[in-house]
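Asks: Take a look at the letters that make up each chain.
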Amino acid sequence: MSSNIPTDLQYTKSHEWVRRMNDGAVEVGITDHAQSALGDLVFVEVPDVGRALRAGEACAVVESVKAASDVYSPVGGKVTAGNPALASQPELLNHDPYGAGWLFRLEMNVSADSSGLMSAGAYEKFLADESK
Amino acid sequence: MGLKTPLYDTHVDQGAKIVDFGGWDMPLHYGSQIEEHHAVRRDAGMFDVSHMAIVDLTGGRAREFLQFLLANDVGRLKSLGKALYSCMLLPSGGVLDDLIVYFMAETWYRLVVNAGTRDKDLAWIRRHAADFSVGVAHREELAMIAIQGPNARQKSASLLSPPQQAAVLELKPFFGAAFGSWFVARTGYTGEDGFEIMIPATDAADAWNRLRAAGVKPAGLGARDTLRLEAGMNLYGNDMDENHHPLESGLAWTVAFEPAAREFIGRKALEIVRRGGRFELVGLLLEERGVLRSHQKVIASGALLGDGEVTSGTFSPTLNRSIALARVPKHPNSTVQVEIRGKLHAARVVKPPFVRHGKPMIEI
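The listed protein sequences derive, respectively, from chains A and B.
The end of the first sequence is residue 132 by my numbering, with every number in the run present.
The end of the second sequence is residue 364 by my numbering, with every number in the run present.
Derived from the structure by calculation, the hints contain no laboratory data.
Accuracy of the hints is not assured; some may be wrong.
[Unchecked claim] List time: in silico DSBU-like cross-link candidates among lysine-lysine, alpha-carbon distance up to 35 Å:
#1 B:K343 x A:K13
#2 B:K268 x A:K132
#3 A:K125 x B:K4
#4 A:K78 x B:K343
#5 B:K120 x B:K343
#6 B:K120 x A:K13
[What the hints assert, rightly or not] Estimated spans, in silico, between C-beta atoms of each pair:
#7 B:W253 x A:R54: 47 to 57 Å
#8 B:L319 x A:S14: 26 to 36 Å
#9 A:D129 x B:V19: 14 to 24 Å
#10 B:V19 x A:A58: 16 to 26 Å
#11 B:A252 x A:G50: 49 to 59 Å
#12 A:G50 x B:A123: 27 to 37 Å
#13 A:K13 x B:E339: 45 to 55 Å
#14 B:W108 x A:K13: 51 to 61 Å
#15 B:P91 x A:G50: 54 to 64 Å
#16 B:Q14 x A:E57: 34 to 44 Å
Since we're looking at a predicted model, the values are computed, not measured.
Idealized CB from N, CA, C, for every residue including glycine.
Just need the whole structure built from these sequences, with the hints factored in.
Replies: Written as structure tokens, this is what we have:
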């Protein structure tokens, strides 16, 4: 099954995407592959503004009809926003995972290490290997 | 590689996401579980349930045998074609499985049992059937399709010839009838009207595709689960199992203690817990955002017996809220607390079903 992997984003092995914003902050969501695997999403819990996150820390929950899944922070930083639309429209994650379905925004720590993030090409290869 | 029903290739062709279910490769959904759920509540959907086991019991003492084997009383089956829901119990009173029994002929009864329990069920049935000289035939050559929804009966009648259509549309709820090598019953597991049809496996793909052409939407096990939970129907392995008896599983209505002289397997154990049961299965409606899931802890203040547990939980597409069945200590309050990821959330205790025939049965 092919999934949409925009080339201007970076990715994690746990299927989050990271967008670099103009103000230096980053926006985080889950990939098209992840939303498709989860199925219809019915509940999303995003981290509170001001919360400090370590890279790899479980910080959000996305629940489909069938199951709950954790979302991990791709980098260390402080939460500056959670997507308020998801409380009433969790299906935005299914319909527009890279746009209106964003989960939260982070101000990265000065020392944050983002070298572990994958390019679109690397994530595509990772997905292909994972499905073997 | 799991077991496959005769419709497996059809599901794959029609875009199903396939998952393992008790050793079977079954469709979870064909794109959107929620759309499939709504199709059944509002129009018509169909499920491949060929993984369930059809077991025919034959012999002059078949009725007597079932009156010993089952907690419900097949003596209630007065008319040919009538169906009865029952538990099959262990001597401990624990539930070995739940099933439907159809009264096919004076010396012929048909059971439909769960897929995941098939092997232990067949071994148990065969072991006891021998004492009654009853024949046990596992009808593996049959497929089964459940067509459910307010328009399901009308849309599925097109599979039959005009005279048969008239007969099948006259079937009363919980009755079935044979049409040649087909058996059509007005039963289901969704809280909607509809049919379950048992047909030769070689007919299955053609029937499925004709139903689809008639506007019946293929639906997967995902929607089947949300529909049955909204309808307040138990799932074996979640809401009942060998470690729990029917009286603490919301199934007291299926245990026929009368006539008192009928000795059925598990009766002695149930007589002991009959008056002093300490737990009960209730419905829960989450008052806040979030999703109830099986095994979450349920705290009932005022209960003397510790905590309860969610046995099945989900998001209800019809109510747009989370609902659950939970086994809780008997207590006087109308609300409980459910622990979700370490936090307590208020839930209202309600009497299932949550939804029936497309309509909410509880106040939101």
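Asks: Checking against the hints above, which ones are violated?
Replies: Violated hints: 2, 5, 6, 12, 13; rest satisfied.
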